[in-house]
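K.L.:
Residue 1 is where the sequence shown starts when you use UniProt numbering, and the numbers rise one by one after that.
Keep in mind that the hints were calculated from the coordinates and are not lab data. Some hints here could point you the wrong way.
What the hints assert, rightly or not - Simulated restraints on C-beta separations:
hint : residue 1 : residue 2 : range
1    : S71       : A38       : 25 to 31 Å
2    : G209      : E145      : 23 to 29 Å
3    : G209      : T129      : 46 to 52 Å
4    : I200      : T118      : 39 to 45 Å
5    : H29       : E193      : 33 to 39 Å
6    : K181      : R121      : 28 to 34 Å
7    : I203      : R121      : 45 to 51 Å
Claimed, not checked - DMTMM-like cross-link-like pairs, simulated, lysine to aspartate or glutamate; straight-line CA separation at most 25 Å:
hint : residue 1 : residue 2
8    : K53       : E66
9    : K111      : E138
10   : K144      : E22
Note that beta-carbon positions come from the ideal geometry of N, C-alpha and C, so glycine has one too.
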Amino acid sequence: MKPQFFILAGPNGAGKSTYGREHVPPGTHIFDGDLVYAELLQKYPHYDPEKLKGGVPARLEKERDEAIATSRDFAFESNYSNDLAIELTEAFKNAGYETNLIYFGLPNVEKAALRVDTRVRLGGHNITTEDIRFNYQEGIRRVKENLHRYNRIKFVDSDTEGFAQVIAFYLHETGKVAVLKSNIDWYKTHFQEKMLRMAIGRINDLSSGLGKNKAGEHQQGGKESGSKWRLKR
1 MKPQFFILAG PNGAGKSTYG REHVPPGTHI FDGDLVYAEL LQKYPHYDPE KLKGGVPARL
61 EKERDEAIAT SRDFAFESNY SNDLAIELTE AFKNAGYETN LIYFGLPNVE KAALRVDTRV
121 RLGGHNITTE DIRFNYQEGI RRVKENLHRY NRIKFVDSDT EGFAQVIAFY LHETGKVAVL
181 KSNIDWYKTH FQEKMLRMAI GRINDLSSGL GKNKAGEHQQ GGKESGSKWR LKR
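Could you put the whole structure together from the sequences, leaning on the hints where they help?
P.N.:
As structure tokens, this is what we get:
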């Protein structure tokens with residue numbers, strides 16, 4: 001089996017850190033840039049926090065290279081609101097990995113902001129409302145544009161506090177798409193149509209490929225017998 005790369009995507013407060021490990025194989029290394037940044041702040045309290053941010057991509061590059069060198073499963077948390085998730089996906093794909101996208105969804109920006117407020121009250125890191133909105137909207141846009149990059153896709157609804165459930169998945173190998181819960185508005189609004197189109201296109205490609213192979217066999221028988229880091233998660 002090929003080594004696996006996972007993108008744990010979704011808006012702020014969607015539960016990527018809380019639920020992510022439930023959706024990757026045991027022993028998978030998960031890179032959480034916010035956690036790395038918090039560790040750097042704690043280790044170097046007198047350094048300029050803005051300068052310390054530069055340590056995050058350096059750590060990511062190191063851990064990425066180590067994972068690829070040892071064919072170790074690797075996961076990366078991201079809002080998918082910049083190019084970094086795409087760049088990592090391609091790097092691991094080019095290294096022989098299978099790619100997986102797991103998107104944790106919330107119904108709207110307001111719910112994401114409420115989750116962040118709760119996190120801050122519990123001692124977690126804060127983020128501006130503007131960044132929450134940008135990450136929510138831009139993340140959805142970019143995920144839709146890049147679904148084709150992944151061997152497997154899973155959508156997880158984390159709207160209910162303390163509970164997250166898989167609501168849809170896609171397998172590129174067969175073109176299979178399944179909706180397990182049909183009343184999730186954010187999935188229907190933003191992803192359902194794109195997923196169905198992708199599945200239909202894949203099935204058509206597979207059918208065409210099988211048809212060409214059979215045609216080729218018949219003819220033969222007749223003759224002879226394709227970074228930028230933002231700490232805003």
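K.L.:
Range first: 23 to 29 Å. Now tell me if the beta carbons of G209 and E145 are that far apart.
P.N.:
25 Å, holds
K.L.:
Regarding the pair K53 and E66, is the alpha-carbon distance no greater than 25 Å?
P.N.:
Distance of about 21 Å is within 25 Å: holds.
K.L.:
Range first: 33 to 39 Å. Now tell me if the beta carbons of H29 and E193 are that far apart.
P.N.:
Holds, at about 34 Å.
K.L.:
Does the hinted range 39 to 45 Å hold for I200 and T118 at CB?
P.N.:
40 Å, holds
K.L.:
Looking only at beta-carbon atoms, does the pair G209, T129 fall within the given range of 46 to 52 Å?
P.N.:
Distance hint for G209, T129 holds at roughly 48 Å.
K.L.:
Holds or violated: K111 and E138, Cα atoms, limit 25 Å.
P.N.:
16 Å, holds
K.L.:
Range hint 25 to 31 Å: satisfied by the CB atoms of S71 and A38?
P.N.:
29 Å, holds
K.L.:
Against the 25 Å threshold, does the CA-CA distance of K144 and E22 hold or violate the hint?
P.N.:
23 Å, holds
K.L.:
Look at the Cβ atoms of I203 and R121 and judge whether their distance stays inside 45 to 51 Å.
P.N.:
Roughly 48 Å apart at Cβ, these two residues keep to the hinted range, so it holds.
K.L.:
Is the hinted range of 28 to 34 Å satisfied by the C-beta distance from K181 to R121?
P.N.:
30 Å, holds
Hint compliance for this structure: every hint is met.
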